[in-house]
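2 protein chains.
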Amino acid sequence: MKTITVGTDDHSYPVHIGKGLRFRVESLLPRDYQKVLIVTDSNVGNLYLNDVIHAFTKGQQVHVYIIPAGEQSKNLSEFEHIHTFGIEKGLDRKSLIIALGGGVVGDLAGFVAATYMRGIDYIQMPTTILAHDSSVGGKVAINHPRGKNMIGQFYQPKTVIYDLETIESLPVREVRSGFAEVIKHAFIADRQLLFTLLQEMESMEHIDPGLLQYALTRGIEIKSHIVEQDERDQGVRHFLNFGHTLGHALESELGYGTLTHGEAVAIGMWFALKVSENIFSISLPVKPYEYWLQKMDYPLNIGNVKLEHLIDLMKTDKKSTGGQIRMVLLKDLELPKVVSLHDEELRQMLRIFIHGGMKE
Amino acid sequence: MKTITVGTDDHSYPVHIGKGLRFRVESLLPRDYQKVLIVTDSNVGNLYLNDVIHAFTKGQQVHVYIIPAGEQSKNLSEFEHIHTFGIEKGLDRKSLIIALGGGVVGDLAGFVAATYMRGIDYIQMPTTILAHDSSVGGKVAINHPRGKNMIGQFYQPKTVIYDLETIESLPVREVRSGFAEVIKHAFIADRQLLFTLLQEMESMEHIDPGLLQYALTRGIEIKSHIVEQDERDQGVRHFLNFGHTLGHALESELGYGTLTHGEAVAIGMWFALKVSENIFSISLPVKPYEYWLQKMDYPLNIGNVKLEHLIDLMKTDKKSTGGQIRMVLLKDLELPKVVSLHDEELRQMLRIFIHGGMKE
Chain A
1 MKTITVGTDD
11 HSYPVHIGKG
21 LRFRVESLLP
31 RDYQKVLIVT
41 DSNVGNLYLN
51 DVIHAFTKGQ
61 QVHVYIIPAG
71 EQSKNLSEFE
81 HIHTFGIEKG
91 LDRKSLIIAL
101 GGGVVGDLAG
111 FVAATYMRGI
121 DYIQMPTTIL
131 AHDSSVGGKV
141 AINHPRGKNM
151 IGQFYQPKTV
161 IYDLETIESL
171 PVREVRSGFA
181 EVIKHAFIAD
191 RQLLFTLLQE
201 MESMEHIDPG
211 LLQYALTRGI
221 EIKSHIVEQD
231 ERDQGVRHFL
241 NFGHTLGHAL
251 ESELGYGTLT
261 HGEAVAIGMW
271 FALKVSENIF
281 SISLPVKPYE
291 YWLQKMDYPL
301 NIGNVKLEHL
311 IDLMKTDKKS
321 TGGQIRMVLL
331 KDLELPKVVS
341 LHDEELRQML
351 RIFIHGGMKE
Chain B
1 MKTITVGTDD
11 HSYPVHIGKG
21 LRFRVESLLP
31 RDYQKVLIVT
41 DSNVGNLYLN
51 DVIHAFTKGQ
61 QVHVYIIPAG
71 EQSKNLSEFE
81 HIHTFGIEKG
91 LDRKSLIIAL
101 GGGVVGDLAG
111 FVAATYMRGI
121 DYIQMPTTIL
131 AHDSSVGGKV
141 AINHPRGKNM
151 IGQFYQPKTV
161 IYDLETIESL
171 PVREVRSGFA
181 EVIKHAFIAD
191 RQLLFTLLQE
201 MESMEHIDPG
211 LLQYALTRGI
221 EIKSHIVEQD
231 ERDQGVRHFL
241 NFGHTLGHAL
251 ESELGYGTLT
261 HGEAVAIGMW
271 FALKVSENIF
281 SISLPVKPYE
291 YWLQKMDYPL
301 NIGNVKLEHL
311 IDLMKTDKKS
321 TGGQIRMVLL
331 KDLELPKVVS
341 LHDEELRQML
351 RIFIHGGMKE
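Protein chains in written order, with the numbering used here: chain A, 1 to 360; chain B, 1 to 360.
Worth double-checking, as some hints may not be accurate.
What the hints assert, rightly or not - Below, computed lysine to aspartate or glutamate pairings styled on EDC-like, alpha-carbon distance capped at 20 Å: (1) A:Lys35 with B:Asp312; (2) B:Lys94 with A:Glu231; (3) A:Lys315 with B:Glu308; (4) B:Lys94 with A:Asp312; (5) B:Lys158 with A:Asp9; (6) A:Lys158 with B:Glu231; (7) A:Lys295 with A:Glu205; (8) A:Lys158 with A:Asp32; (9) A:Lys94 with B:Asp312; (10) B:Lys315 with A:Glu88; (11) B:Lys89 with A:Glu308; (12) A:Lys94 with B:Glu231; (13) B:Lys94 with A:Asp230; (14) A:Lys94 with B:Asp230; (15) B:Lys287 with B:Asp297; (16) A:Lys89 with B:Glu308; (17) B:Lys89 with A:Asp230; (18) A:Lys89 with B:Asp343; (19) B:Lys35 with A:Asp32; (20) A:Lys158 with B:Asp343; (21) B:Lys89 with A:Asp312; (22) A:Lys2 with A:Glu165; (23) B:Lys158 with B:Asp297; (24) A:Lys89 with B:Asp312; (25) A:Lys274 with A:Glu334.
To be verified - Distance windows between CB atoms, simulated: (26) A:Pro30 with B:Asp312: 28 to 36 Å; (27) A:Arg24 with B:Lys58: 56 to 64 Å; (28) A:His342 with B:Lys58: 20 to 28 Å.
Stated by the list, open to error - Covered stretches of chain A, going by a simulated chain B footprint (3 or more residues, C-beta under 8 Å): (29) 81-89; (30) 109-116; (31) 152-166.
No lab work stands behind these hints: they were computed from the structure.
Note that this is a predicted model, so its numbers are computed, not measured.
Note that beta-carbon positions come from the ideal geometry of N, C-alpha and C, so glycine has one too.
Construct all of the structure, not just a fragment, from the sequences and the given hints.
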């Protein structure tokens, strides 16, 4: 087991990474809890829920709330239902919520914990590769029909327990989605990790376990380091949005779930790299990245998206202020920079990207 | 104008108290805002909304969202609608929300601000006496059908602007409701204020303006002092719950709006005083307080409440943990103490209180 500590204004917390940690949850908690609510989804529940339940051996009351798997569950209605369930089961301010699952479960259950009686303890137990990113840093939220993560909060977990065995059962599409965030961390902060991944990965189906653990640990370290500097997303944390401005717009425009989050971000990074080359007149490893995207079977043809819809959506992105579109670009590898772009400037580049680049 | 500074972990903020401050809002803000959303209710909107809108003279976009007056508006549906309205109007992370109204507006608009894009600036402009209390300290929330303020957060405003002219138009029932919290502050922290109010107030209809300003300023000072010591309600802030355990239960059992919040708390304090005398074998000014309640026309006959319902509701109160009922009692004036009581102990005292004391 490897442990990384994340220091935030409110408290520091450990991120434990290792195999079989779900069987040891009880010993990894910061204190004893009499009542525990595990929130998970229909997929993860079938696989690991019993292991976690049985890890509680001291007679704690353990309740379970299962949401339908998928981004669609990250809505106000599920939020309300979990609150109601918690009240019915008598959860109080000393109770614990466990988010067992991917980003959707983590964001939703975390936001419930953040607002239940004005905030109770919760821990993240990510079970996807994508969630190596979302489980660290305390961003919790639900979606609004008009935009992703529009209603939420910053609320740090008490502990993150990342059992690497739980990602072994992931469908390949989930692995692919998650690796987009790993590559993102590499682009903005670790060129060695970037070239290692671009060169050594052969397919999403068979990733060398050593390489995987190295990549995830580095990803969490990079994320933690940034969160520590800027917990409330007012400075360097924006860099983590690399690829996300177009990515979020694509997810919203195509309907959540058509592309996975990571697939959308992978395309968003591709676009951001091209914009970066254009704006800063530099050269970035766009071709090796394109080659990697193809080799790894990322969906690159996004069909008939409406250019103006994407522009509008990019403007409503939480990171945008005053109607301009803010994107994270790279002045070089490991050198991200937030840039404000005018509609027209972006429209042209996006038109070329969609009608040229993406249909190659 | 008098200014009290409240220091919290996140930031310090001023509470401005004085006459005509609504005309000077712009100059009292911490910085310029391009977009402003004023949330108010149908009563307050008719009276003071235009004054506040016209106080913005620099071409800011000022939007208005009006909720129906009353506790019923503090629900998840209004919460969602204000979010939608904000997104439609293009509010971004640099925008400001103004809560213009009483506690309902402040709690609801504050919780929207706390969660809009994970938190934007807001200011409180209380227009009731009750809100002298609720506008300071950053407790924001909405109600759940199973309990008051069950979904919420701690999120401090950037400024509180308390225009004493806005309370001159209050219906007497609102004045009465608000004075319960003033008396509460006196019981837990200022015996001189307590005896001044008990002795010098003749009716709720005609309160000496000097006495009113003195009482409100002291109330805010007491509240601020407690919030600074315990922002997240884990210690001394519990003392502010004096009278609220039974108060909340009464509001919920009778249906929100049957009794005002303050009327319910006034009864709750009466009960808490009797329990205090009983538990600590001491003597408190219960009779002068009863006499004051009657002179001030507080509703003291609460009809056919169900004892067991009240007990159950007191157990679901956010302050309760592990099924016991926690109440704030007084070991003496200015000496509050949180005490855990067993069902049975409380049931007996509550039975006597309801069937004896309350029908005198």
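Could you tell me which of the hints above the structure violates, numbers in ascending order? 3, 17, 19, 20, 23
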